[in-house]
Amino acid sequence: MTARVAAIQMVSRPEVAINLARASSLIAEAAGQGAELVVLPEAFATFGDRAAVAHTAEREADSGNLQQWLAAQARQHSVVLVGGTIPVASDDGRAWAACLVFDAAGECLGRYDKLHLFDASVGDETGRYCESRDYRPGAQPLVVDTALGRLGLAVCFDLRFAAQFQWLHAQGADMIAVPSAFTRRTGLAHWLPLLRARAIETQCLIIGANQGGEHSATRKTSGGSAVVDAWGEVLVEAGFGEAALTTNWDKARQSIIREQIPVVGRSRFSVAWESDDEAGPTSPA
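The numbering of the sequence shown is my numbering, which starts it at 1 and goes up by one.
These are computed hints drawn from the structure, not numbers from a lab.
It is possible that part of the hints are untrue.
Computed beta-carbon distance windows for the label pairs [stated by the list, open to error]:
1. R75 x L188: 29 to 39 angstroms
2. S121 x S78: 35 to 45 angstroms
3. R50 x R185: 16 to 26 angstroms
4. G106 x D49: 46 to 56 angstroms
5. R50 x S255: 22 to 32 angstroms
6. P262 x E58: 44 to 54 angstroms
7. T126 x R59: 19 to 29 angstroms
8. E274 x T126: 24 to 34 angstroms
9. I256 x R50: 46 to 56 angstroms
Even for Gly, the Cβ is constructed at its ideal location relative to N, Cα and C.
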């Protein structure tokens, strides 16, 4: 039993209209290749300009235009669509980095707000990253039921926190989508090893949809979007630039891997979710 999944790689700019046009074309390309589930990258609709992100976040909280656009794309192409992340204004002056999932009828299956914010110095042209200045951490992890199976959600910096993926695994996730915008420096070193590690330890399909190019003179992302199976095998992988990566997921093989090397329920460590005091409640889709 197989299903076909896709990771979309983009080189998004601040301008929403341009990004949506490119995303629409790439979703159509993936659907044309038979994809049943499509994952967009983090910040696909607007990227790299704080003022543009803040403006989009306020409009999204008011009108939900991007959410409507995502629903329409899912419905038009009859796919389960993981909407990367979009900024949605919160009540403390910052935005949620919201990842919404829509089914093939355009109905919202759930919303995950990014938990781990990227506050780090990586020694590149940008220097210091401080996502918490503009974004508010989410309240809880999320798994949703889709026509293809149970889908866990994580975003970019979340990939470094194995406990979150163990929680998703414990909730019965069959696959985990990871919309991302890894920096060029960290991504070339860590992106693929982390994707493979999370796939092997959770025995889930991992769909990593990354940004992949030069967004400005000081902002470069690493590309390399990839789909990795439960054995840690890279089924498909991009370089730099835009791409619609599609591949078959052999669900029966994943079940065999889990039977041969059983890990579900055998950990001697408890994985519990503890909410950050700063995190507010996840707002409804």
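Of all the hints given earlier, name the ones this structure violates by number, lowest first. Hint check: 4 and 5 fail, others pass.
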